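J.: Please construct the entire structure, taking both the sequences and the accompanying hints into account.
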Amino acid sequence: MAESKADIRDQSPRQAITLRQQAYKGMEDETEYTFSTDAAVLWRITRLMLRYRLRVALAVAATIAAAVFQLMIPRFLGQAVDNALGLLGSGAVVGEVAREALFEAAMLLLGASILRGVFTLMHNYGGEAIGHLIAYDLRLLFYKKLQSLSFSFHDKMHTGELITRGMLDLEGVRMFVNTGLLRLVLLVNLIGAGGYLLLSTDLLLGALSFSFVPFVAWRSSVARLRLRALWLALQVRMGRLGQIMDENLTGIRVVRAFGAEPHEVGKYDIAADDAMTIADERIRTRAASTSIMTFAYFISMGLVLWVGGIRVLDGEMTVGALTVFLTFITILQQPVRQLGLLVNSIARASTCGGRLFSVLDLEPAISDGPDAKALETTMGAVSFEDVSFAYTDEDAPPVLHDVSFTVPRGKTLGIVGPPGSGKSTIANLLPRYYDPSAGRVTIDGQDIRDLTLASLRQAVRIVQQDAFLFTTSLENNIAYGDPWADDQMVRGAAATAQIDGFVANLPGGYETLVGERGVSLSGGQKQRIAIARAALLEAAVLVFDDSTAAIDAETERRIRAALRNHMQNCATIIISHRLGALRHADEIIFLEEGRIVERGNHDSLIAAAGRYAALFALQSRDDASQDAAQ
Amino acid sequence: MTAIPRHDHPQNDGGDHPQDDGRDHHGRPPRAVVGSQINQDEEMFGAAFDGRVVRRFFHYVRPYRQRINTALIAVLVFTGAQLAIPLIIRYAIDEALVARQDGGSDGGGGMAILAGAIAAFAVVIIVNYGASYIQDRLVGLTGEKVIFDLRRAMFVHLQHVGLSFMDKTEIGRMMSRLQGDVNSLQEFLENSITAIGDLVLLFGIVAIMLILDFKLGLLTLSVVPVLLFVRLIWLPRARIAFRGARETNSSANGALAEGIHAVRTVQGMGREAVNFALYTEKAQQNLAAHLRSAKFAQAMIPIVDTLTGAAMGIVVVVGGALVLDDALDIGVMVAFLFYVQRFFDPIRSLTIQYSVMQRAMASGQRIFEVLEVPIAIADGPDAADPADIEGEIEFDHVTFGYVKNQPVLKDISFTVHKGETVALVGPTGSGKTSITSLLHRFYEVWDGGVKIDGRDVRDYAKAALGRHIAMVLQDPFLFTGSIFENIRFRTQAASREDVERAAKVVGAHDFIARLPGSYDTMLEQQGRNLSLGQRQLLSFARALVADAKILILDEATANIDSYTERQIQIALSRLLEGRTAIVIAHRLATVRGADRIVVLQEGRIVETGPHDALIAEGGLYARLYALNYASFDDIPEDILADAINEQART
Ligand SMILES: Nc1ncnc2c1ncn2[C@@H]1O[C@H](COP(=O)(O)OP(=O)(O)O)[C@@H](O)[C@H]1O
Ligand SMILES: Nc1ncnc2c1ncn2[C@@H]1O[C@H](COP(=O)(O)OP(=O)(O)O)[C@@H](O)[C@H]1O
Ligand SMILES: [Mg+2]
Ligand SMILES: [Mg+2]
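These protein sequences, in sequence, are chains A and B. Per numbering that gives the first Met the number 0, the very first residue in the first sequence carries number 0; after that it's consecutive. Per numbering that gives the first Met the number 0, the very first residue in the second sequence carries number 0; after that it's consecutive.
Just so you know, these hints were derived from the structure itself, not from any lab. Each statement offered as a hint is correct.
Computed footprint of chain B on chain A; a stretch qualifies when at least three of its residues, placed anywhere within it, have a C-beta under 8 Å from a C-beta of chain B: (1) 105-115; (2) 127-138; (3) 233-245; (4) 277-290; (5) 318-328.
Covered, in the sense of this in silico footprint (three residues per stretch, anywhere, with C-beta under 8 Å from a C-beta of chain A), are these stretches of chain B: (6) 252-265; (7) 457-470.
If you're wondering where the values come from, they're calculated on a predicted model, not measured in any experiment. Ideal Cβ placement from N, Cα and C applies to all residues, glycine included.
T.: Structure follows, in structure tokens:
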């Protein structure tokens, strides 16, 4: 046990760094993340608080006031003790005076306690409120940032990791205000003002009362650094564990199909043990620092009792005065015990804050340029001009090489090619989900990089290969791009996508929920919902990315017929493995490894007897039977 | 309230209540929501005590009895030390100091007593130190361990519950049980142990005060009923406020999670502004609820402090008078003052414990609900786990459905002999995937039986089925990790060569080799740095590496062009020798080469036989084939219906 402890301690800095690097993996692309020191993170949280200056001022004032009234209590208690001992004189008269003085002390105690309570309420409520206000601000910033960060960021960031940052890390920052910062203010005040009071009363005793402070301060700063590293490590490991569970449940059929349950449990166990080790280390560190700090505190108390006792014995001091010292130290007991929490809170806040801010500080790789204009569509012609593209800057070969084509308004471009040839990538470049590394994409001659994203994305509609459906009603799903669409528009779009008949047969109709409590949709139904979504909207460019793979050809033909009006007013790109769907396209390009290897219309491509023709032959029966005969 | 930006529909004035379902004549509120509509009705707070939950929970605590007991002892020792300190001070004051002040005994005696008191103090704080460390360490560690055990138990259990349960369960909800709910039980466990310390402290203080001076003790404690009364009024209101805070929290978090999962759709559809407005509203509700709950949480502080002040006042006035009258030692009064100051701490933490308990009970219920989901498909005591199988498959009058009274497969019977390849064809929804699910015993048949080598699949160990059947599922799910790990997956014994060979068969080797990391390239979540077709190829390769006797391909090449598919088939035909295969495909070119073709229609087998025989028979398959469509899915529904009707007539 001792050995492993030493082990961990030895490795910790290096370990912490690699963990940090892991945690920030996937962010380098957007901006260079410089590791801010704890102080910078904490200062930034404090700056966020300063947005609520008045509240902060009030909360701090209340915290100080609470400390002041807290500090009065030992005085009054000491007074009362001396009064009770009748130290103010002797005889019956003195007894009366003492009684009155006791009553006065009691009233003062009551008053101070009430005020302390009221100010503590203000301090705590103020701290909580500021914490929640900051959390609110951060929540909105985070949400907005995530919505604006481009695909390249989201490709690399695991969703679970982002959710953790938006929930747990945010919580860590929020808690810092009350359990960290204000508690620190309270503690500093209690120790500072109390120290002044006590030291001015009796230098030696005062110094003894506070002898634990330097030790505790040193211990807690050591513990804080250690805990910070542990928090970070734990966060990463818990994230990994969450990811394993999430993927296991999402891919449950694969797991079952391969009888891989033991394999998965094994993966889980490794990750869980890993997390457990850190969690254990964190608890040990916390327990060790809390208990030793309390111990130091009690030593001070013992010293005060001892030296003070001697003073009293020597007649240099009253019992009441000693009581003042002792009760004062008692008042510190709770805060000192909470020092552990305080340290933990600061460590957690600097870790969590760092993780949160690293996302907030990212600039989207793709955003509106300084003088971006709204798209003006006239002809709706889309062109790729010598476009090359790579998803990563590493030495991977580019995904697209010098791709050029033009699709005028009312015309259709078909794209075919083996998996990974770059078909979806072409689609992804149109709404600027990614930017080409060379060449340019234009709509009506306007480079799409000069356009506002909003106007561009409104003009380009892509029906994706795998549609995302929301756990809400079917109509909300269809009207996702235009929530103000009226019922007629929604039904019209559903009819265009040939899904209206299916919906009409559901007991809940368009209000049927999708998912757990509603219908589970087949692949083809999902694809048709996605098509309806696009059909609801006006578009200058319409792209179908293999989005009819699960729909039969006749239904697909009907959909195309229903979209004819739409398609007359826009440029259409159809990516499909079903060549029948492309037969009538004005131009067809055959992609291979990111290059256009063949182009032309159906007839010319067949005549050319190249790859397209071979593909077509495979799909038509005549040739197939020939094939079988071989 | 934030107005939702209304692009291009200025005539509508709706938008104030995006979640409001009400529609009026002038316009309608936008059909827009963020976040799932489902997770909101989860109960956040349960009864404060649910015997069933606690009993089941303690089942998980039991292995750590020893630790818990030690922790409890440490807590008691710790509490004892806390209680002893004022007593030592009292002793020092009364026996050493006051005696001296009253001018009684000589200084030397006082000094000795003081030294004794200090020694006692030293012993107590050392004990306190040890106990405090042990308590914190053990309580924290045990809490962590129990919770890891519980989470693991859930995870392992979920590996074995029936798919019909998993089909109906949203993953986000399950994850919140595995994470959030488990954490509230952890909090409960940790707090329970300290709560015991608090209780002891509370009763200890009461007892000591009463023993030190009964009357004064009673008078001082007279403030307690006031506190109880105030709490009684406060609690129900506070509970509502706390619940509101938690509910709005989970609703806002749900919306955030959705925003993250759906970010591509959101950006593609330009929904950022609308969603942001909706989210802002949720965040605002959350903020308001939290502020309210913070008010309630803090409201008790001044009351407790006032009562503490009053109690101190009583001690000072009454106790002071007694001291003046020499009826009470000053040290007792000082000790009283110490105790009074600490008296309310345990009360405070005990009330916090109350809401922790409520939360824990609700969470516990949800957790044990998961653990109680029956393992629909468990291995029997003498489940067969043969090292090798022949690979003969028989469906014997199988009827099956997902929903009661709605059979999806009706009286299905067919046999696939060892080494044969059988193709299942039929329109979408005709039950092809369901047949493969039954072979793997994902679900239990309603009637009839599924046999492998003449033995019912129910008599096989599940591990055996997993080992001898390899599947390429319709949905190509991949894990975060390297390509190598993904292809190898469960077959940990597979070497690099095995993996490469499989990748070559499905034609994935070339593109993998081109990647900068080759087979060690890391896949992002669900393989999204690959194209869909490439993911399908990897999922295909994964099934080949498993090297099983039975291979099931469920539309393994749906997103792959015919040419690549053809290449795969040629490479596969060698690999399939000696293996039994069930192939589901739409393209007739794929199907034609099978030894036998089973044609499905609405859950029934309408024809079976080899391609040529079916053509010769002139049935449905022949008719469909004659229509000259490349794929079954290509056949328009009305033509299909005609063909079927005609079939029925003949
Ligand atoms: N998000 C991504 N990050 C990195 N690489 C990607 C990403 N998406 C696709 N790729 C790679 O780019 C190539 C082209 O993919 P894609 O355009 O999706 O092909 P397809 O023609 O099948 O639609 C593939 O080699 C794929 O691995
Ligand atoms: N997990 C499930 N829960 C409920 N119904 C299902 C489930 N899977 C499939 N179904 C239903 O069972 C029928 C047959 O589906 P399936 O076997 O997937 O057909 P195929 O593979 O031929 O397209 C369909 O009507 C489908 O809606
Ligand atoms: Mg694609
Ligand atoms: Mg299927």
